[in-house]
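S.K.: Those protein sequences? They're chains H and G, same order as listed. So for the first sequence, the numbering used here puts the first residue at 1; every next one is plus one. So for the second sequence, the numbering used here puts the first residue at 1; every next one is plus one.
Please keep in mind that the hints were generated in silico from the structure rather than gathered at the bench. Values in this document were obtained by computation on a predicted structure and should not be read as measured data. In this text, a Cβ means the ideal position worked out from N, Cα and C, and glycines have one as well. There may be inaccurate statements among the hints.
Derived lysine to any residue pairs resembling SDA-like cross-links, with alpha carbons at most 20 Å apart [stated by the list, open to error]:
no. : chain 1 : residue 1 : chain 2 : residue 2
1   : H       : Lys170    : G       : Asn91
2   : H       : Lys170    : G       : Ser93
3   : H       : Lys170    : G       : Asp42
4   : H       : Lys170    : H       : Leu159
Pulled from the structure, derived: some chain H residues nowhere near chain G, Cβ distances all over 12 Å [what the hints assert, rightly or not]:
no. : residue
5   : Arg84
6   : Gly95
7   : Ala103
8   : Ala107
9   : Asp112
10  : Gln117
11  : Ser119
12  : Glu164
13  : Ala166
14  : Lys170
15  : Glu192
16  : Thr215
17  : Pro216
18  : Trp247
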Amino acid sequence: MMTKESSKRPPLYLITGLMLGLLFGCLLSFIIFPLQVSSVGPSHLADEHQDQYRLMIALAYASSGDINRAQARLALLGDADPARALGAQAQLALGNSATQREARALASLARDLEAFQASAQSTSVAVNTPNPEDANAAPTPFAAQEEGGSYTLSSRELLCESSEAAPLVKLFIFDESGQAQAGVRLAMHDGENSSEFFTGARPDFGPGYAEYEMTPGETYILSIAGTETLAGLQPAACITEAGDPAWGAWLLLYNRADE
Amino acid sequence: MVTRYAIFGLTILLGLMASLYLGWELRPLSATDAAPSLLREDYAADYALMAAEAYAADGNLDRAIEHLEYLNPDNVLAPLVTAMEFGREQNYSEADLNLLTTLASALREQVPSLSHTPTP
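This is chain G alone, in the form it adopts within the complex:
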């Protein structure tokens, strides 16, 4: 009887291991429907820079906010701050850093609630 329980336990373990292997290893890793929040840091920083470039051209803050909500709908300032930090680390050109700073300043000035939002 003990042997039978042991074999029963082993089959459970076998099934468990098989499905874990299926779910964590064999399942295709190539995501093709990822959300923007999963973008790698450099791509997200470049997207924030593009939003800043667009803002420099049209001065439309509402539109810039819409663009930044793509990266973080809850805190549009956070991706800009992260992009500025990344840009400094990666030696972005002074012009690019200025674009990011200009948009961040405009957001802080014209949307006061963002000034109190904790940044990453």
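Okay, chain H solo, but in the shape it has when bound:
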């Protein structure tokens, strides 16, 4: 009799078991051992922390006047319009008498960045205008620079952007006055072969930009304008912010040294 009654009842113990398991699992994965997010980039910071990071970029720019560096740093925050974000933050800072210095720094960088971007855009348009008399030009829309001169590495950073990206070297070359320098001859030697390329071949990234895809396992020597500048350059593996293994891209910023 009892057996018949229990067999008619819905299997509540199954639902109870499932609920117990879910509850215990949630306790484990959300409270006792929650997923730890670590090694994030500035774009993943909370808004107020992004504001502080942006402010530091402006204060550092006020000190150094290096617009290229400020622009590269602002790109890390992932703002759709960095100049507008700086301007908005400057407006907020202006409303507080204790942060007038910060407001000036933010506004100054916003203004200079807009001017710099407008200047870079007009330069890019000018140099990309085809010249019918120059049909056999080098594989860059820019005139080749003179050989020689020394370049100093001002920044070296491994970017870990995507698990599908190839191992790249991304180069930005600037002249003595900090302006992007187009038409600079670059070469990558892997011991046996040498590949040449020029800044400005990707005008969408600016006239001073060039990139090179490395082969895993090879070690390269980078030459700029005919001078060996950096040895021991190798593809580097990294982990993306999503936790996926990837090839990193070496971001190298070079400034031409004063003669």
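Following the hints, position chain G against chain H.
M.R.: Relative to the frame of chain H, chain G by itself:
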């Protein structure tokens, strides 16, 4: 009866696995409200360098301390030391390393308690 207990145990295990998968795998990994202490080493080093650049311009140590507290509120010297080590490894320019060293020295001189703070 034994079968019933076994099935009960299996449902608990099933629920446990489902919620662990939810919490550790499916939960979105794209943090958008991270704290500065979670910044990757190179970004934290660059932030410390920016603080050093700002200090070089205004010489205001209190303000520099405020800026560095962003990275480590308990020990403002630690992010500078880490940045200097990272900078040497990554071949930061001599000028940048000097900026970091200058700020670290100023902190050690003018805030003596920091001199005894263990560095990472």
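S.K.: Taking the hints in turn, state whether each one holds.
M.R.: Checked hints:
This hinted pair checks out: Lys170 of chain H and Asn91 of chain G have alpha carbons roughly 17 Å apart, not beyond 20 Å. A hinted pair counts as satisfied when its Cα atoms are at most 20 Å apart, and Lys170 of chain H with Ser93 of chain G qualifies at roughly 19 Å. A C-alpha spacing of about 17 Å is found between Lys170 of chain H and Asp42 of chain G, which places the hinted pair at or below 20 Å, so the restraint holds. Between Lys170 of chain H and Leu159 of chain H, the direct Cα distance comes to roughly 10 Å. Compliance with the 20 Å bound is thereby established for this hinted pair.
The beta carbon of Arg84 of chain H is kept farther than 12 Å from every beta carbon of chain G, the shortest such distance being approximately 20 Å. Against chain G, the non-interface label of Gly95 of chain H holds: every CB pair exceeds 12 Å, the least being about 20 Å. For Ala103 of chain H, the condition that its CB be more than 12 Å from all CB atoms of chain G holds, with the nearest at approximately 15 Å. Ala107 of chain H, annotated as away from the interface, keeps every beta carbon of chain G farther than 12 Å; the closest lies near 16 Å.
Under the 12 Å C-beta cut-off, the non-interface status given to Asp112 of chain H relative to chain G holds; the minimum distance is some 16 Å. No beta-carbon of chain G comes within 12 Å of the beta-carbon of Gln117 of chain H; the shortest separation is about 21 Å. Look at Ser119 of chain H: its CB is around 23 Å from the nearest CB on chain G, clear of 12 Å, so calling it non-interface holds up. Remark: the non-interface label on Glu164 of chain H is consistent with the geometry, its nearest Cβ contact in chain G lying 17 Å away (cut-off 12 Å).
Every Cβ of chain G is farther than 12 Å from the Cβ of Ala166 of chain H; the closest lies at roughly 21 Å, confirming the non-interface assignment. With a minimum CB-CB distance of about 15 Å to chain G, Lys170 of chain H clears the 12 Å threshold, and the non-interface call stands. The non-interface label for Glu192 of chain H is consistent with chain G: the shortest C-beta to C-beta separation is roughly 26 Å, beyond 12 Å. Look at Thr215 of chain H: its CB is around 23 Å from the nearest CB on chain G, clear of 12 Å, so calling it non-interface holds up.
With a least CB separation of 21 Å from chain G, Pro216 of chain H remains clear of the 12 Å interface cut-off, as annotated. With a cut of 12 Å on Cβ distances, Trp247 of chain H stays outside the contact zone with chain G, its closest approach being about 17 Å.
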